[in-house]
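> As a plain string of letters, each chain reads:
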Amino acid sequence: MITAEQKPIDEIREMIAPYKKLLVLGCGSCVAECAAGGEKETGALASILRMANKMEERDVLIEEKTLDRQCVRDFVIELDDIIGQYDAVVSLGCGAGVQAVADMFPEIPIIPALDTEFLGETREQGLWVENCLGCGDCMLYFFGGVCPLARCSKQLLNGPCGGSMDGKCEVNPDVPCAWQVIIDRLSSFGALERLEWVYPPKDWNKKQGKGPRKIIREDQQK
Amino acid sequence: MKEVSNLKKVLEEGNFAVTGECGPPKGADPEAVLKKAELLKDKVDAINVTDNQTAIVRMSSLAACSLLRSAGVDPVLQVVVRDRNRIALQSDILGASAVGIRNVLCLSGDHQGFGNQPQAMGVFDLDSIQFVNVVKNMRDEGIILGGESLSSPPELFIGAAANPFADPLPFRVVRLAKKINAGADFIQTQCVYNLDRFEEWMKMARDRGLTDKAFLLGGVTPLKSPGMAKYMNNQVAGMDVPDEIIKRMEGVPKKKQQEEGIQICVETIQRLKEMPGVKGVHIMAIEWEEVVGEIVEKAGLMPRPSTAQ
Chain E
59 MITAEQKPID EIREMIAPYK KLLVLGCGSC VAECAAGGEK ETGALASILR MANKMEERDV
119 LIEEKTLDRQ CVRDFVIELD DIIGQYDAVV SLGCGAGVQA VADMFPEIPI IPALDTEFLG
179 ETREQGLWVE NCLGCGDCML YFFGGVCPLA RCSKQLLNGP CGGSMDGKCE VNPDVPCAWQ
239 VIIDRLSSFG ALERLEWVYP PKDWNKKQGK GPRKIIREDQ QK
Chain G
153 MKEVSNLKKV LEEGNFAVTG ECGPPKGADP EAVLKKAELL KDKVDAINVT DNQTAIVRMS
213 SLAACSLLRS AGVDPVLQVV VRDRNRIALQ SDILGASAVG IRNVLCLSGD HQGFGNQPQA
273 MGVFDLDSIQ FVNVVKNMRD EGIILGGESL SSPPELFIGA AANPFADPLP FRVVRLAKKI
333 NAGADFIQTQ CVYNLDRFEE WMKMARDRGL TDKAFLLGGV TPLKSPGMAK YMNNQVAGMD
393 VPDEIIKRME GVPKKKQQEE GIQICVETIQ RLKEMPGVKG VHIMAIEWEE VVGEIVEKAG
453 LMPRPSTAQ
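As you go down the protein sequences, you meet chains E and G in turn.
Residue numbering for the first sequence follows the numbering used here, beginning at 59 and increasing consecutively.
Residue numbering for the second sequence follows the numbering used here, beginning at 153 and increasing consecutively.
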């Protein structure tokens with residue numbers, strides 16, 4: 059999923075300062091799973107903003123709504139009937155959600171309330187870790203299901219570097235050395251010979267060679 | 153006169169090679185480079201020039217190598233993949249050869265988070281092993297990545313680094329093999345203090361026939377104080393300074409500690425010299441270049457072959 063964290067409240071307040079009628083818009087998908095922009099967090103942010111305005115005796119309308127998915131037009135269209143009542147939207151969607159709303163409603167300013175972080179997994183309650191770059195050319199087979207591009211600090215395809223000590227990364231001892239994890243995984247199912255191969259330079263053309271990417275599936279189109 | 157790699161010549165003629173190291177200044181002053189070159193000249197066969205080591209901005213290694221070349225020294229251009237993508241790396245390789253640099257050491261580089269530009273984007277487009285292979289194909293096949301031909305290939309003696317002290321030990325030799333198979337002509341290792349572990353690693357390297365395929369130079373760094381020994385052991389990733397070395401440094405009066413550090417370094421070189429498969433030493437006297445001559449002399453490695461002729 060896509061992970062995110064809420065921006066500092068002062069930064070959000072600075073961006074919304076010119077507006078009098080705000081819709082605080084949550085998303086029920088990835089950012090709900092990572093407790094950053096779901097219904098609960100959207101309600102909490104709206105309350106904080108209302109309270110702050112009340113204390114400063116500012117007359118601002120702040121309402122809230124959470125879409126099932128902010129990055130899918132079929133859901134964003136639900137705003138069509140109500141968006142005219144507001145002069146700005148505060149979005150708790152990820153970067154894709156913010157832009158989907160912005161794209162559908164070109165006249166209304168949209169303010170991001172989250173910093174979108176990475177593609178990752180929920181490792182345990184309250185812990186999310188990065189493990190995919192979205193490179194467009196998955197190599198996880200070779201590395202035993204552990205991505206060195208996302209999880210090695212130096213993105214080595216032929217690691218580990220000389221800084222791997224006691225299974226930890228030299229850049230951040232809180233982070234496991236991805237290459238130690240790869241070696242452990244490959245040895246556990248007897249595929250260590252894959253480490254002897256020299257992996258050629260990565261083909262980044264698939265990620266950035268033609269500008270921003272899109273997927274077209276004619277079989278899925280109406 | 154046609155430029156040749158003195159380091160390559162010394163090694164191929166069967167001599168025990170000695171290389172030194174010079175960190176370029178945090179400034180644009182050519183004299184800082186030339187002063188270090190003067191201290192090391194004739195005491196070593198070639199001088200490595202570090203590439204923004206520890207991710208701190210310094211004079212470019214390519215420019216500093218060019219200065220060394222003009223001072224009559226054989227430079228080893230260190231190039232890290234941290235700051236340049238494959239376009240810039242290949243371009244610098246051509247430029248290095250064009251200005252008469254004949255040795256290159258292909259490295260990953262210290263992570264940008266450690267230095268004085270922690271906000272920098274780390275490139276890491278190639279890794280060090282891929283980079284070795286790219287340089288080899290440029291030199292031997294006259295082609296760049298993707299197969300296009302060069303009008304004239306670069307002439308470079310290709311090096312790579314190895315750290316026998318990082319984990320996991322069995323895989324350190326696999327990685328050495330990958331570097332050599334990718335095209336490394338010579339290898340310079342991380343500083344050796346733990347000779348037992350180094351011997352174990354060397355045996356694994358010999359068993360795989362690697363010491364016959366590339367020239368292996370053991371790295372050494374003279375210690376200035378017990379504090380430095382502890383710092384290297386505890387704070388520098390991939391460094392292994394055994395307790396007995398730290399105790400030895402602590403066991404002498406403060407005034408004698410530098411002398412002791414030099415003595416340990418000389419003894420290490422003598423051990424390395426006797427070890428089958430070790431073809432030379434790489435002396436990294438960090439901001440202490442003035443003692444390199446004394447170390448080489450005491451280790452019985454003077455005069456150097458190129459100056460003796």
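Simulated from the structure, these hints should not be mistaken for laboratory data.
From the three backbone atoms N, C-alpha and C, an ideal C-beta is built for every residue, glycine too.
Hints should not be assumed to be uniformly reliable.
Derived list of chain G stretches under chain E, where covered just means 3 residues or more per stretch with a C-beta under 8 Å from a C-beta of chain E [as the list claims (entries may be wrong)]:
# : stretch
1 : 263 to 277
2 : 328 to 335
3 : 347 to 353
4 : 372 to 380
> Counting residues of the stretch 347 to 353 of chain G with a beta carbon closer than 8 Å to any beta carbon of chain E, are there 3 or more?
Since three or more residues must qualify, the claim that chain E covers the stretch 347 to 353 of chain G is violated, with 0 doing so at under 8 Å.
> Do three or more residues of the stretch 263 to 277 of chain G come closer than 8 Å to chain E, measuring C-beta to C-beta?
Satisfied; 6 residues make the cut.
> Between the stretch 328 to 335 of chain G and chain E, are there enough contacts, at least three residues with CB-CB distance under 8 Å, for the coverage claim to hold?
Three-residue rule met by the stretch 328 to 335 of chain G, so holds; n is 4.
> Examine the stretch 372 to 380 of chain G: at least three residues should have C-beta closer than 8 Å to a C-beta of chain E.
With 0 residues in contact (Cβ-Cβ under 8 Å with chain E), the coverage given for the stretch 372 to 380 of chain G is violated.
The structure fails hints 3 and 4 (numbered hints given earlier, in ascending order).
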